[in-house]
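Novice: The residues making up each chain are set out below.
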Amino acid sequence: MDTYDADGITLERVEEYVWEIPQEGEMNAPARVLASEALLEEIADDMTLEQLKNSTHLPGVEKHAICMPDGHQGYGFPVGGVAGIDAENGCISPGAVGFDINCGVRMMTTNLTYADVEGHEEELVESLFANIPSGLGGGGVVESGVDTVEAILERGMDWALEEGYAVEDDLAHCEDEGRRPDADPGVVSQKAKDRGKNQIGSLGSGNHFLEVQRVTDVFRKDVADAYGLTEEQIVVLIHCGSRGLGHQVCTEYTREVEQAHPELLDRLPDKELAAAPAGSQLAAEYYGAMCAAINYAWVNRQLIMHRTREVFERVFDRSWETMEMELLYDVAHNIAKKETHEVEGEERELYVHRKGATRAFPAGHPAVPSAYRDVGQPVIIPGSMGAGSYVLRGGEASLETTFGSTAHGAGRTMSRTQAKNEFWGEDVQDELEDQKVYVKAQSGATVAEEAPGVYKDIDEVVRVSEELGIGDTVARTFPVCNIKG
Amino acid sequence: MSFELREHTADVAVAADGSSLDATFAAVADGLAAAMCESVPADGGERFDCTAAAENREALLYEYLAELIYQRDVQGVLPVDNRVTIQHDDGTRTANAWQLDANARGVELATIDAREVKAVTYSEMMIEQVDDGWRAYVVLDV
Chain A
3 MDTYDADGIT LERVEEYVWE IPQEGEMNAP ARVLASEALL EEIADDMTLE QLKNSTHLPG
63 VEKHAICMPD GHQGYGFPVG GVAGIDAENG CISPGAVGFD INCGVRMMTT NLTYADVEGH
123 EEELVESLFA NIPSGLGGGG VVESGVDTVE AILERGMDWA LEEGYAVEDD LAHCEDEGRR
183 PDADPGVVSQ KAKDRGKNQI GSLGSGNHFL EVQRVTDVFR KDVADAYGLT EEQIVVLIHC
243 GSRGLGHQVC TEYTREVEQA HPELLDRLPD KELAAAPAGS QLAAEYYGAM CAAINYAWVN
303 RQLIMHRTRE VFERVFDRSW ETMEMELLYD VAHNIAKKET HEVEGEEREL YVHRKGATRA
363 FPAGHPAVPS AYRDVGQPVI IPGSMGAGSY VLRGGEASLE TTFGSTAHGA GRTMSRTQAK
423 NEFWGEDVQD ELEDQKVYVK AQSGATVAEE APGVYKDIDE VVRVSEELGI GDTVARTFPV
483 CNIKG
Chain B
940 MSFELREHTA DVAVAADGSS LDATFAAVAD GLAAAMCESV PADGGERFDC TAAAENREAL
1000 LYEYLAELIY QRDVQGVLPV DNRVTIQHDD GTRTANAWQL DANARGVELA TIDAREVKAV
1060 TYSEMMIEQV DDGWRAYVVL DV
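Heads up: the protein sequence lines correspond to chains A and B, in order.
With this note's numbering applied, the first sequence closes on residue 487, and no number is skipped along the way.
With this note's numbering applied, the second sequence closes on residue 1081, and no number is skipped along the way.
Think of the hints as simulated: they come from the structure by calculation, not from any bench.
Computed from a prediction, not measured in an experiment: that's the story for all the values here.
Any given hint could be a false lead.
Listed next, with one range per pair, are the computed distances between beta-carbon atoms [as the list claims (entries may be wrong)]:
#, chain 1, residue 1, chain 2, residue 2, range
1, B, E985, A, E344, 56 to 64 Å
2, B, A992, A, E265, 22 to 30 Å
3, A, D319, B, M940, 54 to 62 Å
4, B, Q1068, A, D184, 44 to 52 Å
5, A, E165, B, A1034, 38 to 46 Å
Beta carbons: idealized from backbone N, C-alpha and C, even for Gly.
Based on the sequences and whatever the hints tell you, model everything.
Specialist: The structure is reproduced here in structure tokens:
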């Protein structure tokens, strides 16, 4: 098959797993979808391709807008979207980052094996659920005043270190060492800070979760050794973002950009793509506020990890240091960052928008933490409760193909309303328990909405990532306990 | 005045209609509550007021729903049984040409089984006048 017709949009196969929507009309660049034919059929089943095509109308899109193999319909820019936009003559779009700024994942390793945890699963899931705030109105690990929020926005994980919620090694294993230097708390509104002060260290709901997992497969032993991963080992995966604070930042800046730059908005086919021209005051302010929200999200995940260490200490009656509960890596998948990439033979500074896409820098890149620089940046791809998750490393072809990015998850194929019609939360929990996966949630509806059957085949997503050389599989994990909102 | 939750791959959409713009906005707000809670209690909770202002109809709906989400987080309540009064200053195109006064019953989150809607989006947003009133469509980020 050399072309694929999807309801008025024709894609041309450029090479194996690379499909292109050619530039036409008001598009500023072509768009590309990275997918096998099976994944492309699912991607073409909703508005993903139209949203991807719309994103090429943003001024300054370089090379091509890209949809990752797990892409699906979102709002404005599709989930799984990557766009490298000229940071001098282009623009930055809050909607192309998303409301949940620095939604991301972290993985913590332990020296426990699955055999150590067997028999403790129910106690563990109950204790995690009781101690880690989740759901709507569930509070946070830390609830305090606006001064604390401002310190977190300014200093990120440095704040957590100063307050005793982190150790030096945690910072060394976090993207950007857990602190965006461009953060400006002064351009984050009082409303955003008010929403943030009672949610510091909380999962939220939707597709966010904390999962105790066991490593079932190691595919690249040398890299797994560098990451500290071995078969049958217990690890903990935490997936959440910047909570109401980040949502408020995006909500407000989308409106401010809409009002301040109507001439740019008029050129865009979707109002949710509203963008501030590069170099404008609003672009600088949004970037400062977004970076501050990024810091908040890192602290959010750090506090959840800190509380998880305490829970393990009580359940297994030994210190977290004895269990070697160490951060493997924390990486964002909803973010825009100023990064330097090669475009047409020149080094250019771009706002790389990744919305539901994970940074995946290869070995040798200076932004990869020194502990992993020889093997490549860890990429954590959470899957469904029934299929497990993957750890990848940034691939050699990622910088050239995707501005250093790969997938962020399995990607949904079924709406939440349909999922609730097809699945019953308690049935899903019982079936998972038959597979020795213990799930506890604030809401049965959330379990139904997140049932394994609503997601794409994560094995296929990861296989395409590997075939394209943008992210190489290192290890696979399977759930043991899962808590969610 | 009624609403329906509609399918969306990752999120959820609300389709609403009403005999007036006021009733239609209130129905969208009730749809927002339904997207967070499947069984809203028939009573309980204190009523509270909120306001919004914007330069056009769509922006007003965005600001109104965003305000309800903000109030949810800072008050710790789910806004239900929504009532809306909209005023439009004809002939002006100022930032406050459209104004809204709203009132909702705030059901304490601690008393219900509710999930989070993160934000209101402009994606696919539609507000249009039809023969017997108005209808609206909004995608919510879950």
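Novice: Does each hint hold? Answer for all of them.
Specialist: A quick look at each hint next to the structure:
1. E985(B) to E344(A): 56 to 64 Å: For E344(A) against E985(B), whose Cβ atoms are near 59 Å apart, the range 56 to 64 Å holds.
2. A992(B) to E265(A): 22 to 30 Å: 23 Å, holds
3. D319(A) to M940(B): 54 to 62 Å: 58 Å, holds
4. Q1068(B) to D184(A): 44 to 52 Å: At roughly 45 Å between Cβ atoms, D184(A) and Q1068(B) fall inside 44 to 52 Å, so the hint holds.
5. E165(A) to A1034(B): 38 to 46 Å: Given about 41 Å between the Cβ atoms, the range holds.
Comparing the model with each numbered hint stated earlier shows that all of them hold.
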